[in-house]
Structure formats: C-alpha cells, structure tokens
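Asker: Each chain is listed here by its residues.
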Amino acid sequence: MHAFVPTLLFVLCAVPAAAQDLVPKAAPQRAPVVLRNAVLHTVSDGVILGGSLWFDDGVIRGIVGEGGTLKLPNGAEPVVVDLQGKHVFPGLISPHTTLGLVEIGMVRQTNDVDEVGDTTPEATAAVAWNPDSAAIPVARRNGVLVAAVFPSGGSLPGRASVMKVDGWTNADMTVRADAGPIVAWPAQSGERRGRRGPRPEGGDGAEENEGSGAKKARDRIDEVFTAARAWFDARKTDPSVPLDIRHEALVPALRGEVPVFLLADEQEQIESAVLWATGRGLRAVVVGGRDAALCAGLLTDRRVPVILDGVHRLPRRDDSPYDEAFTLPARLQEAGVRFCIGGGTDFANDRNLPYHAATAAAFGLGRQRALQAITLDAAKILGVDDRLGSLSVGKDATLFVADGHPFDLKTKIEMAFVSGRQIDLRNKQTELAAKYRERYRQLRAK
Amino acid sequence: MSRFAAFVFAVATAALAAQGPPAEGPRAVDPGWFVLTGARVVVDPATSLERANVVLRDGRIVAVDAAPPVGATAVDCSGLTIYPGLVDPFVATDVPALDAAADDQHWNPMVQPQRSARDGALVPAAERTALRRLGFTTVACVPTGGIVKGTSTVVQLDEPTPTAPTTIVRDVVALVTSLQTRDGYPNSEMGAIAVLRQALLDGAWYRRCGAAIPAGGALPAGAPRPSSAFAALAERTDLPLWFDARDELQALRAVRIANEAGRTLVLVGSGMEFRRLAAIAAAKVPVVAPLQFPDAPDVASASAAERVSLRQLQSWEQAPTNTKRLLDAGVDVSWTTARMRDKKDFRERVAEAIACGVSTQQALALLTTKPAALLGIADQTGTITRGKLANLVVVEGDLFDPKARIRDVWVGGVRHPIQGAKDSGVDGSWSWTTGWPGKDPKVAPALTIDGDSVKGKAGGSDLKFADVVREADRLSCRVAGDALDAERVFWLRLHQDGGALVGTCAVSDGTSSAVRAERSSDDAKGKADEKKGGDDARPAPPGVGPLPTPLGGYGFLELPAQTEFVIVGATLWPCDGRGVLRDGAVHARDGRIVFAGSRADMGEPPIGAQIIDAAGKHVTPGIIDCHSHTGISRGVNEGGEAVTAEVRVEDVIDPDDVNWYRELAGGVTAVNQLHGSANAIGGQSCTVKLRWGVRHPDEMRFAGAPAGIKFALGENPRQANDRGPNRRYPNTRMGVEALLRDRFAAADAYRQALATYEKLAPAERAKAIPPRRDLELEALAQVLDGSRRIHCHSYRQDEIFMLCGLARELGIKIGTFQHVLEGYKVADAIAANAVGASSFSDWWAYKFEVWDAIPDNGAIMHEAGVCVSFNSDSNEHARRLNTEAGKAVKYGGVAPWDALCFVTKNPAIQLGIFDRTGSLTAGKDADIALWSDDPLSYAARCEATWVDGRLLFSLGTDRTMRETIAAERQRLVGRAVASGKKRTARDGDTKDAYWAAEDLTTDYCCRDCEGGR
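Sequence order for the protein chains is A and B.
For the first sequence, position 303 matches number 291 in my numbering, and the numbering has no gaps at all.
If you want my numbering, it's the position in the second sequence, counting the first as 1, plus 7.
Incorrect hints may appear among the rest.
Unchecked claim - Under the rule of at most 27 angstroms between Cα atoms (straight-line distance), these lysine-lysine pairs were calculated in the DSS-like manner:
1) Lys13/A x Lys74/A
2) Lys854/B x Lys423/A
3) Lys434/A x Lys820/B
4) Lys74/A x Lys434/A
5) Lys410/B x Lys351/B
Source of the hints: derived by calculation from the structure; they are not laboratory data.
From a predicted model like this one, the values you see are computed outputs, not experimental measurements.
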C-alpha cells in the first residue's frame, strides 16, 4: 500500500521565494484516494456527517454516509486518510477574475487583459494564462480551485476561460477554453462619475447625445453579431468563404453552445443587455449585477443568471442602505434570480472569495446557499457543472479538506486536490513569511 | 500707498468744476434739479410717507417731504411708490492679470492683492442696464481670479461718458478672497487655504518689517526684498476680508481663517447656508446671500429619479428658505444677484424668499441699508435721506411684487426710464368703427391689445399683426389677413385719445385713412391680469421647520443624548490586557465608561440607567481606523508641490460625507484622516471622532490628539506610476531621502532663527526684522520638537530602513509607518524607531513595490514587538475592519484578543489617544460597538455604535431612517414633478454636496494666470 501523509505533504523547507511561483506542481494521481470519517459538504446533496469519499483518475467514484461502505474495485490499493471529522468541500469557483492574466496591476508589461481594438472576441483568456503566476497559489490556498478568467477592455474584449489552479501547462489547467464571449454592454446614463466643472450648456441636448452615444455603441455590438451570423451561414454553404477569426470566435455563442457574458451593473444597462441578448436568441449571463435586484422580474422571466462582482461593495447611492450590497444576494434569492458570487474583481485577492460569500450569508442568505453561490451555482452559470461545483460521483475530484467552514477566518485549509492530484498549498507569500520568521529567529538566537 | 490714501474717496458731483475738455460752442447747462411729486416715499425699511415730494439737485437728495421748490423740474409720481436705490454688494468684474514675469509679484499667481476692481471694466454696459432694470443703482465691483483677488470698489450704475466716467462711491472697500484652485499649486482646497493663510500672515509680517526699518536708514539684516505683492498685502491688513464661499462648509472654513488672522469677515454665500445654519449663525459674520436656487432635480425617468439623493431634493426644496432661516438665526444678511444664471429672475426669487417668511421690510433692508452698511456707504445711499445720493426706484405698486412695473430708476440724480405705465389706455378690446380699409368696409373688425400682443378678427377670419412696436401709450404695427387686399401693405399707428383709440392706417398705395376704435362693451378690463395671476400661482412655500444635520437621509434632527446605559450579558473584548470576558457588563454615563468587566463585579445596575440585554452578543471598543480619507473636501492630496507640510486636513473636514454613517454601521468611532501620498512630505493629518450629526465640522476633531503629518516614500512621491515624464523632484528613492534631509535642515534653521529672535530684549526686538512665519517649516519644526507625529506611507524595506535611520539621526520617534507592506522584513527597526506600523491585512500586487507584500505582515511585526494596526484606506473596507483584524488570526496565528487590538487599542496608541479611547476601561470615552457575534468573524453584524456615549448607529434607528427616506423621497419627487420646471442642472457626482456654487471668479484666472506658468 502506498504511503500517504494525511497532513501537509510538504514541510516548509528552504524553497527560495522569488518573483515566480516556485512551488512544484502536483504529481498525477497514482492510486485511488479514500477520504474517510469526514463532514462532506456536497452542496448538491446536503451535508453528510461521518461520510467517506473516494476518487481515482481525478474523478470522484463514490460517496457514502456514516456506516456506509465504499465499493472500491477488486485489487485496488487505495491511499486511505482518516480525516477525523474534518470537513471536505468542493473547490471554490471564482467566477469573474483576471487571475493568471495580470501579475502586477500597475506594471503594464505584466498585464495581458486588454487587446487592441473595440471588438476582439478572438482573444481567449486560456491562451495567455500564466501557469506560473504567483497569484494563483495565493488564491488556491484559501480553497479557490477554479477561476473564470475574463479579458477586459472594449465592447467585445474576448472570451472567458474556465481554469483550474494546478498543472504544468495551460493545457493541463484549462477546464474550458471558450466559456463564452464577453460583451461590455454600454451604459446609457454614463453615471458621470467624477465629472466636474461647468455643466454643458443646454444640458438636454448633451443628454441626447450621450444617449445616442450609448445607442450607437449598442448598435455596433449588434452589427458584430449580425455579421458573424452572416459569415457563418455563408461559409456553411460556400466553404471558399475565407476564415474570419473574429466571427469564428462568436460561432459557439450564436449556436447556443456557450453563453454571452454581459458586463452590466446599472438597471437600464442590465435590462437592455438582457433584452438584446435574449431577443437575439443568445444565452445570456449578466456579470456585475449591482442593480440586479431592480430587474429581478426580467431576469427570472428570461431565466438569465447573474455573476455578482463581489459583496463587499459600497451602496449605490447616498440614500441606499449601508448594507445594500451585503443583502443583494439574499434579495436575489428571494426574488428567484439565479446568481453566483464573485470575489470582487481584484485578481490578487481572489482568496477573499469565501469572505464575500460569508458576508452574504450573515446578511440573510444563509451559509448553505452562500456556499452554493461560490461552488455549484458558479459551475452551472459557467457551464462546467458536469465536472465541477459539488461533491458528486462522476465529477472531478477538485476539493479541499479544512478544519472548519471556509467562511470562518479561523479555518485552516489542510489539503486540496485538483482533479485528484494533491496540490502544494505553499506560495510565494508563505515562503516569504517563513524566510523572514527565520530572520527574527536568528536575531533572537543572538 | 496712493490707493490706500483714497480709502474714503468722496464722490464727485456735477457741481464740481468741470475737469473735461473745454466745451465746443455754447455750454449746455443742466440745472440737475428735480422734484418727484405726490408719491408714496419709502424712506427706509421702517418708514414711509404718503403723497410726499422728493427734491433732487446735483445728484443728491436735498429734501424729502418738502413743498416743490420753484425752479425744479416736476415729475408727477402720484400713485407711484419711491424706494431707495438698491445696492448689490457683489458684482464680479474682469480685471487684467498682473504681469507674472515681473520680479516683485507674488510667487504664486493666485495671490494678486495689488489689483483693484478699478483696474478692470467695472460694470459692462449690458449688465448695468440689466441691474438697473431690477432697481439697482449702486454696486460693489469685485475682481475675479485667484485666491487673493484684490480690492473691491463701489460704483454708481450711471452711464459713463468720455467726460464723466463712472462715479466711484468708495474706492477701496475690502480685500476679496476665495479658495480657488488651479492646475499646479494649489490644486486642493486645503492647499488653497494654506496659500490664503500664509498670504495673510505675510502681509502682517511685511508690515511689521516696515515698522522695524527706520525711515531713510539702511536696511537691517534679514530685511525682506521689496515686493509690490507683499506691500499690497501689508497695506490691506486693515481691510475687511470678503470671502466668496462655494458652499456652507467653505464658509465655515473662511470664518476660521479670518479669526486666526484677526480679520473682519464678510461671507459671500452659496445660498446653502441653511444646511449648516447653527454653525454659521454662531460665527456672527455678515452673509451676502445669493438668490439663485437650484433647479428642480431631474425626476423625468425612474432611473434619473433614483440617482437623485434625498439631500439633493431637500436642498432644492429648502433653498428659498435660506434667507428666512438666516434672519431668524440672527444673521446679518444682504442680498446679491451674484451666482444667478439669469439676473432677470431676481425679483421672482425675492418673491419666493418673501413667500417663505421674509417680511417686505426685511427684504428692503437686505437690498438697501444692509449692503450699504457692509460696504461702508451708508452715509451715501441706502435710504431716501437728505444729503445722500439721488438713487431712487420709482415703482407702480409694490417693489416686491415681481409683476409691478419699475417706471424709473434714478442714479445720482439722472433718470433712467425702465418700463412705461402698465396700462396706457391702449390695452384692451376694441371694435373698429371708422377707417377700416378692408375689402368689405361694412365689416367692423375687433382688436385685442395686450402689451406687445395684438390679435384681431374681421368678418370671421383672423387678422395677422406683425412688426408690433409698443411704446408706453402708442402702438404701431402691420396688419394683413383675408379681409384685406393681399396686394397692398397696411400699416397702423394708434394711440389713445379720450375713451377711444385713434390713429392712421397707411396703405402702400399711398392712401391713408383716419382710424377710430371704441372700447368693446364686453371688455372686462383686468380680466387678462387675473388669468395671468392664476398661471403664476406658486406651489405652497416649503416649511421652515427644523432640518436634520447633516441634511440628507441619515442626519439627526437632534443629536442623540449622552444617556446612562448598561450593556449586560455580552462577551466583552476590553482590549486592555484582560483577554475576553464572558457575561460582561459595560456601564456608561455622561459620555464616559463608568465600569467595564464581569457582570458579577459590577453589582446592582444603577437606578434609571437603560439596561441593554446583550446576552449572546459581543461588545468591543469602537473601531479606530488609522488610515482614512473619508470626509475630506475637494482634494485628499495637495499635489502641486513635493513638500506641502503647510496644508491641513483639519481645515477641510467634511461632516456631510455619508461614509461617516456607513462606517459607524461598521463599529468605527475614530479615524486618522490622512493627506494623500503624492508628496514626500505631505499635509497635516487630522484625528477625528465619528461625531456624525454635530453642528460644526470642527466638533469632529479629537481634542488633545497629538498632531500628525503625512510623509510618503517610494513610487508615489516619485510619481513613478503617473503617465508621461516626471517633471518634479524627486524621481528616485535617493531624491526622496535627500529632500527629507534638506527640509529638516531648513526646519531646524527656522526654529533656531525663531528662538534667537525670541531671546532678544524687547528694545532690540523692536529694531530687528522679525523672522517670517513659514507654515511649512513650522510644521516640520514641530516634527523635530516631537510635537507632531509622522505617519509615513511606505512599502519597501529599504525606504522604511532609511526613514528609521534618519529619525535616529534627528533624534525623533516616527509615529507610524503606513501600509508598510514590507515591514515584516525590518520589524526590529520599526519597533525601535516608530510608535507603530499600520498596515493592510492582505492587499498586494497592485504595483511593483507591493510585490513582496504578505498577509502575515501584521503577525510577524506583532511577534517582533511592533505595535501593529490594520487600516482601511478605503470607505468600503473601513466598514469591515473587525474582520480585517480577524485575518491576523488566520494569517500568522495572532491570538484573537490581540488581533482585535489591531483595530482598537493599537491604532489608539499610534494616534496617541489611548488615554481616551481604544479600550473598554473605566474613565475612558464611551466609544463602544455592539456585535451580533464574534467580532472577528464574518457572521458578526454591528448592531449599535456609541460615540462619547451617544448612540449614533443602531439597527433600529437605521430601519426608521430608511422608512423616513422612502416617505420623504416620495413627497419631494412629487413636488419636483409638480413644480413643472424643466430642470437644467444636475451634478453627476453624488459625493459632492448638492449645489456647490461655482466659484464666481474661476473663469478669469484659468484663462490668464495659467498661461504664464
């Protein structure tokens, strides 16, 4: 039987930290793994106390409750870990981030999010995902094991990709390269944030111009989809029509295979984006969703889900309740809108994803539902729930073991697996902490 | 000193010897002698005479209520009312910029005290006419542009000629100031305040220097270089300061600046003074109030209405009550047409203010005697009194009825006809009896004349009237229509004759006929007027009841009282070394904590105290945020220079920022308001308590808290992340260090010079040149003396280490390192040289210098003996500092009670206020937060927050406020819709106070001063 260390595989040792992720990637799963005597937070089927779960070849093969027996194939030599009542959760999913595309926010050279041009659906996040980004191991240390990565900038910034947080190459780490094109839906009001100085003469005229500016931008987006559809139809009948890489990038969305991610925060913006997309027969997902509660009727009617850009946001207006953003998930739940919760849009702090959900939980959503909002619901909205989002037989063994609930700050994550491979939970930051604790140890020893 | 000498410049009148060119041909002699007879004469706001005569001669009033003198030209004013000419104390006037290249100008182009309104165009012709039409005869012209703009001048609204220029009533009235900013230094409000404050000090200093220099003697050592700017500042030291305030908070700031400088202040208001009424009234300064009211907010669409805040709606509704409220609060008010987009609306706005309760007597005073007194010209004008300027307004009816016709305005004895008699007899319905030139001469057309409007019918078809010219009692026009021959043109000229309308109809064929029309029998005279009145019926005026402070949804009508209360049964986190206490009790009275500990140790709860059962809940000290930019008006960073130690955040506290309330809802009770980090040496910081709802912004300051100052190291002062080439020193960390070293050397020399001067014997001191007070070096000298704490923005270990070394050299202790994300690398140096380190829990990777930031930073520094706090630097994070502290438990394993101290005790120590707050300890301020759960967990909601024992946030009150907001919004949106006025103004930035008036003087300086630099 293969020896397995049921705690951290890697003791903290003198792995030098540098401006790269130097933590080794996980080895492939060689033997079946059994996690027994655990609290299994399946998300899809409730919480199983004293449960056991086993996985092989990166896939969950069996789950049983207390007293149940796992049916492993004859001759299997599994690694068995007694978790002694610890908790197992499906990997958390950050549904809207630039993780892997950015290394340092203000250093332009490390930013791979914004392709030149207003319409660049051909830009695909998985292509530029840096497997050695130092931010990735930082996120996964808090249980974030899957991320939907979004290019940004322009009306059609590109296509989002769903990535998992361990692997040697982009290919290893890609769950779904084309999760859907992104459309930054133009806002009509133009909010005028931060605008100063004298008001334009004849304010109403200026207003109309602004409105028509948004309308033009919206029309342009519509034309892009019309042109892509025409190109696609023409090429079907006449293969000599040359390739248009931009149009081609929109084909899966036109065929309904992937959703269109509509970036929209304001009420009017959300409404017009949803009406446009569903009117065109596209599958729509609203991303941002600050005013989603104000369009709940439309969102439920059209069955359009929402990716909320975090819960830790300021209220929209001076008169808004101080906890408006904190209670938004609960209000969407109440209204029957499908949604998932993001970790804000700061790639470096995807690790705070569980805390956004925790705040939503405390402000009316409840823990179960909040956990679902960063696991299964995110997987469904991103179209990867066949493989991710819950502890279910047949899904990827992308999960983590912790001594408590990930919403609790005191909780320590002890083990994590990505497609069955146990990952190293150290990162640049843990190594720097170890390095400098050593400095003070030396100072004290003097 | 020439202009200075002309301070009380007498008015030249026509009686003086002519100074113009010799007459061509015979002299024209105008006796300039009039008697206005039979009028009701409103001598002053309190006195009026019936059927009195007013005699004018040579531009002056020579008699009131006397018999008409023989020789005077009589003007029949029977049935009319004569008022004193109105005075507008603030009319902006363009004045050319000084030559910026000249040697003796002020180094900052915003300081131009040498200028006078007389150097400019005074009142342009169009504006003169417009003001006279409203009844104004005398105005103060104010130069535009800059912070110290120059001096104002009072002029008559007469029509100047080449031989008789505009009459100056008073040459030099006041020094006019504002807090205008520019692209450069100063680019923030606090920077503008620093410039103004230093300029006023410089004026006083230059004057003292002058006194120390013996006449004709040699210049003593240290004598200032001659400067026309400084000389002008010195000359104008005795003048009152007039301050152009963009909003009510700026007004309060001006009061402070004037008080510090010992100057007399007059506020030129924004019209929003009612929002800080009590504080403004307490300042006891005169207010020149504009009558521009904001337009109704845009509620045309649901989403537009949603964007409008209750504060905007309230500001809009209440603006017309401003004067009433100021007067009731005992403020000395004058009115001005300043800030009006269209001065034509002025009388309408006056009527609105009167509808809100201003009496007409008061209204007249605000337009005559009050401004005249403010301008020091009460002996010249403002009442109809013998000897004063012949400035009169002749009105058909009541001046304060906006429809009443102003017939004439007399300016210095010269008559300016404004409007003719209301009904000269031409208005009404007429039927044409003779002279009709139509196709069918038997048809008798009907005409209706109302002012410039002429309508008519002949034989069932409409007549078209064009080119109508109406003079008082006559009318000419062209008429056409089906009833008339289309080949020919018909001109009418009509006037009243007896009861009939008579005149001529001329035809283009050369013929003409005499016309006569008789008044129609059904002409109900005045019917049209009645109808007009109906159209103009205003909505009921807004109430003048108490308003919440701050205005808006979450303000208090009355500040919650300091009650006596006991919180029992909760888990206590005292943060004073006692760990965590179960079943605790906290007793507070008169704003102080009387007891905090185990319930068992408290004994019987005091009689009369409110008992708050908090079983299952948690109580902590109020959270303290050691790095906040909440509530700083118009610019968190004075970025115009690399060293701005002279600017002070305490000058620009914005008590209206709704983020204060939101932070209270996160248990926060005190913050360190910091200047931004664009400068190696930034501005002075301000420790405040979240006393939401206090009357005056200064009441938020934490009395007795040690002074602080922002320093910044690394990429920000280097401007490394800005676009484009860096034009400003420093560009490297080496330059930052050199700059700090240099300024501390300068500050040291400064304090030594001061000390030397102080040591002089009084006689010697009188002869010596006093050192110039330098606000920048003064602040740095305080750092050297240990009386001002450095709060230093820093990231990398090398720069942290550098400042530690410099501090050791200078023999000072640093207050805090802020951010200090590599503090974990040099924690020993921080522990030895700073009071503490104030960090983020887990931010990193947003720029290069934070690439090595780690979330264990706080824990490692804490382990190494550093006093660590976690701060927000964000209005959003500030509401969740309790869980930010919890991250010190997660990353690095700090004990929970120690982690909570990261946002309570430790920031209090860092800010030097731990003797007053930061722990639940008997004798300290009752700054307390009540939580539903373990405060370090996301399950916790803040349920109540007390500051000084006042319950400033609670879930219950918050619920009530939400209901009130909904109801008030509904009422006011309805009112905005009903107002029917098309809105034109909208301020997209809801963070801005609604209706921050535009600086009356911005245009000029942006246009001209900037070009030179």
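Asker: None of the hints should be skipped; say for each whether it holds.
Answerer: Cross-check of the supplied hints:
In summary, the hint linking Lys13/A to Lys74/A is supported, as the alpha carbons are separated by about 25 angstroms, within the 27 angstroms threshold. For the hint linking Lys854/B to Lys423/A, the alpha-carbon distance of about 22 angstroms falls within 27 angstroms, and the restraint holds. Of the supplied pair hints, the one linking Lys434/A and Lys820/B holds, its CA atoms being roughly 26 angstroms apart against a limit of 27 angstroms. Distance restraint check for Lys74/A and Lys434/A: the Cα-Cα separation of roughly 41 angstroms exceeds the 27 angstroms cut-off, and the hinted pair is therefore not satisfied.
Under the criterion of a C-alpha separation no larger than 27 angstroms, the hint pairing Lys410/B with Lys351/B is consistent with the structure, at around 12 angstroms.
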